[in-house]
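As a plain string of letters, each chain reads:
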Amino acid sequence: MELSRRDALTALTAVGLGATAGCASSSETDTRVADDHVVETLVAVAEAVYPSEVDGVESFVREVSVRRIGADEAYEAGVADAVERLDDYVEGFRDATYTDLSREERTTELHRMGVGNAAPDPSGLDRERVRYYLVNELLYAFYSTPTGASLVGLENPPGHPGGTTSYRRGPEE
Amino acid sequence: MTPPGAGGGATETGPDTSVDRTPSDRTDVCIVGAGPAGALVAAKLAAAGHDVVVLDAGPRFDPAEREDRMERLLRPGDDRPVWPVDPERDAYSSTGEREYPLNAARVKGIGGTTLHWQGMVMRLHEQDFRLDSSVGAGADWPFDYEHLRPYYAEAERELSVSGASDNPFAPPREQPHPLPPFPPSHSDAIFAEACESLGIATHSVPNARNSESTADASACVGYGTCKPVCPSGAKYDATRHVREAEAAGARVIDRVPVQRLEHDATGDRVTAAVYATPDGTEHRQAAREFVVAAGGVETPRLLLLSKSEQYPDGLANSSGAVGRYFMDHLFAGMGGLLDRRTRQKHVGFITSESHQFYDREDDSRGAIKLEFLNYAGPAPTDVALSADEFGDALLSKIRESYGNHIAVSALVEQFPRRENRIRLDPSRTDGHGNPVPDVVWSLDDSTRRALRRANEIQRSILDELGASVEWTVGPENTGPAFHHMGTTRMGTDSDESVVDARLRSHDLQNLSLVGSSTFPTGGAMNPTLTIAALSLKAADHVDERL
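Read top to bottom, the protein sequences are chains A and B. Per this note's numbering, the very first residue in the first sequence carries number 17; after that it's consecutive. Per this note's numbering, the very first residue in the second sequence carries number 148; after that it's consecutive.
You may find that some hints are simply not true.
Facing chain B, according to a computed beta carbon distance under 8 Å, are these residues of chain A, among others [to be verified]: (1) Pro67; (2) Gly86; (3) Val168; (4) Pro174.
Keep in mind that the hints were calculated from the coordinates and are not lab data. Every residue, glycine too, gets a C-beta built ideally from N, C-alpha and C.
Chain B on its own, in the form it takes in the complex (with noise of 0.2 Å):
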């Protein structure tokens, strides 16, 4: 239940006023969504001097709060989420063969999912680029790993991303990242004395927290709760390049969901976005140019919400392939007890991976990444705030819980498929009469094979280490990682593709889409980094036609 007098930040609900929510006049670039890819495209092209605007459905979260979303996290008896859902915003269906919980996975407000993201940020192999040619499975990006390089820098520039050149498994790079590793843990070191016997190949991992202090943040202090909420500022969120936008001169508006896309008499330009207010108010933003960057899911749906007589199937549709090919990254994983101490809960994030069985040998599974965790088992506040036990009894039990437990997970890559799709569901609507997205989502052999592999490898390690296994996530009990990925995917054909390599739409001059939904295949990496790089080389070609 609700405490009284919870702070939940006054401009997270109920009408605000005190915000100038109208349209701006002469915009060069309407940008809607200000997660990740929107925020980096507006600070580029805001500092290229264009006038840009962003409109964002959530609100505008107050930093000062983040403590208190922390203590959300931590207590129990608290019912608010730690970043709000508003029930008729984010009403979702979720039909398909697997349940997808959409709200756990997302975050609405300025600085979007990465709000509550983990801060990892590693490039995509470079076979990932070329997967079709490579073994046959999934489909081939529209240009190969080479073109993205430059970006993947400059996006790890952005994100001020902490790591080292020592993976062997990893794309080459030109230059070591922007702030030193974290160094391994101690558990790391355990991990790594079995892997070494058993011819794994550990490293370390690259980190979009700052391991020093820069000009935008501090350095991590080590709270712990990276996964949902940083209070220091120290992991990136998108909120920092909000500021960049802003002190540039863009204009970027909380509250205020998107309901549609307008195009001109030819269909060759969209000529506004319609919006609305806190107070029912609907608003027409025009611009030259329209950047969709509001995820896998909301992407998608836009697109579907804004068909018009000359576009039934929804607007850049013309392929047939918004909202299809979704994807999202499986996850795997197995834990268990040592006899001996893991110095676990320390931090909130990971120091060590394995990328020797991401490559695919052929199309009969996905690729897999090894993580090797910090944060097994319960923290001493798990245990004494929901304990029978008080006084020393109640530190008996912390002491039997805590200390002695390891676990490794994975990331499992899912081929895109046709069937797994986002779509509209007209049976239900969102607060201003919207049909909500619709989740059809299910796994197939290959995945279900990667994900046995992993818990092989997994069980592997943990027998090394002579660990007593307490707990497995497997093909049967999997769950996905929340990268929102493939639902207007990019591509060189127009017949099968909904953007270029450009990120333009292929059937509207003006049209860009940014993000995880333009990838045409997910790899196993966690897709943040991918999305910064692609949305600084949108920036770039946005910048070019104006």
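Looking at chain A on its own, in the form it has when it is part of the complex (with noise of 0.2 Å):
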């Protein structure tokens, strides 16, 4: 599965960003741009937690979540700090930034990092800063848009705006 552009744009609509991403790229944005490692650390997370079959999914996350993202100063102050943090946990174990990791180990220091089972919490433990600011902001603008949710067959997820029709139409239509 390929993610285009329109899927970002479509994923955008839904958090109500989508009026700017129709006229200009997330660099020619009004909104702030998140610094370099900060994206690219956002495009590591999500190649671990998006399913292996996605792809396009650097240029997914630039257009969406760094927009999302930069649209509100200290939300963007939260996820540069839970990749602070996310970044400090790997590197006592392997003398690298989590972006130096391989798709698979990114996922073990995840999961070694306990985020998995963490409960997100913007404002607690490290692994929970991580689980909010970096994987739910990821899986959120990936599965509350049709670009995830579609996967399992539901093209209009809760929190997007993608009309009346879909609801009246069966599995096979």
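Given two chains presented individually in distinct reference frames, assemble the corresponding complex, making use of the accompanying hints.
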């Protein structure tokens, strides 16, 4: 499955940022642009938490989550802080930042840090902040839009303004 | 926890000196409450040329924040409620047999509880207005369906109701709904087949959400989070009529909880509503007519707080019925899994019901309204944002969790009982030192019988479908539907009721009470269309007196 710019625009529309997305790329928007390392880490986390069949993850993350995050300065700071906490954790074991790891290693480190069973909490423990600001940020962008939800047969998931026709259709239509 | 920088609306908390909250001069009508009842009365009376002031305890919310509120709903970890609760302003007690989660059941602010309602708007049945006469249960309303019928039509126009005339159990109507209905869902068709085999008729649902664009709002775009928040505004909420009222010259003041009503020396007329501003200053708003439209809990509470030497048991309470006969609808439900795809979670509203079990044969149990859900089971985000797994394992888990759920729910009637009540709790006070409301609520055997019967019907439908039943909500674990009714009941006998058929207090000539608190019985229909109809009727009566 290739994530397209259309997927990104659809996802942005769902979170109220579609109007700017339609006329500008992420580097040209009126929202703040996140730090490069933060963006690269978001892409790295996305590659671990999104299904392997999905291609085009980097452009999707740059178009959707970077724009979402950049729209709120305090939220962006929370994301950057979570990236720092994730890197600190990884460096304690591997002498590398999270982005240096392979996809398999990224998944392993998230689990080792306890992110999988951590409750998302923007002001909680390191693993809880990583869950809230990184993992759930990315999963929300993906599964609250047709981009991810259609992989399980839901073209118009809660949170997405996908109209009032899909609910009438059967699974084969 | 609250994320840093999270917007909650600068207008929601803290002192706000940017708004003039001093009283108005030469006011015809003072309305307490800017929910649907107060907003409709305000809009109609302002349009008739009267000077109207509306006072509401809660804030004015920014519509631009609705998408943020939606994300609070969908993303775990942000512990801010979708609509704010002020722990001092909204403190309450619940001392009845059944715990009552009051602050989950209401929104205080401009627009009131319509900000988080589901938006289902059906007329009461003819039998609802003469329940005592027909089966010896509850009480009769002081008028019949025919009397309220034109106001129901007016209410449907005001709320831009989308609906069809295909319900064989509905009372007679004179014209189609203002907007066409939302067509049935895929899962409605699954249910309809099973119901037909069982001899159960299904039909459409009138919705207060736009199936087409109007001058007031866009058509529904399917965000799927109707309850508790509609980001598009396609679901009706009372801010529409607040806007109308303000456009017609009404003044709507937020964050000014009314502390008490004052009356004249004769005790015949209310003279002022005393309210507090965010900085603690008290003001008196005088008016010729007063309308209290603060819901089924705060309306009786305000009357009880307004006791005086002449009215030691509270204002408008010579009957002793203020706060009594509190009713809600009970939820009954059953859900399970099918071996086929059910296509849930595309929209957040329902499109199919059955009123076949509504009218009562005798007084042994109340009405039952069946609802076929379009949002059974978890959505992908519900699974993804709390799962232990990532990547392909997470996708597999979502695929296992989503897609085959099905559920049928019901609203069940509770007959009015004097011991169910809203009273003041003298042991606790709100931020202004006023005793908080105490909800005393319990269920009786007739309600339990109706819940059991609802479960029997639901079981038969799911069995006919071949579903595996995964959960049941019945007499033992039921909960309220958040429809507060009955606490300032309407009637012809001033010894038994609080307001007359014109929604005016029996005791005070210029005091009207509007909303579901005036319902003598509650039926099992979502109450807001009837609230709207009564509000429009009350506005006419106030207009006649001015």
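Exercise for the section: Report the numbers of all earlier hints that the structure fails to satisfy, in ascending order. Expected result: 2
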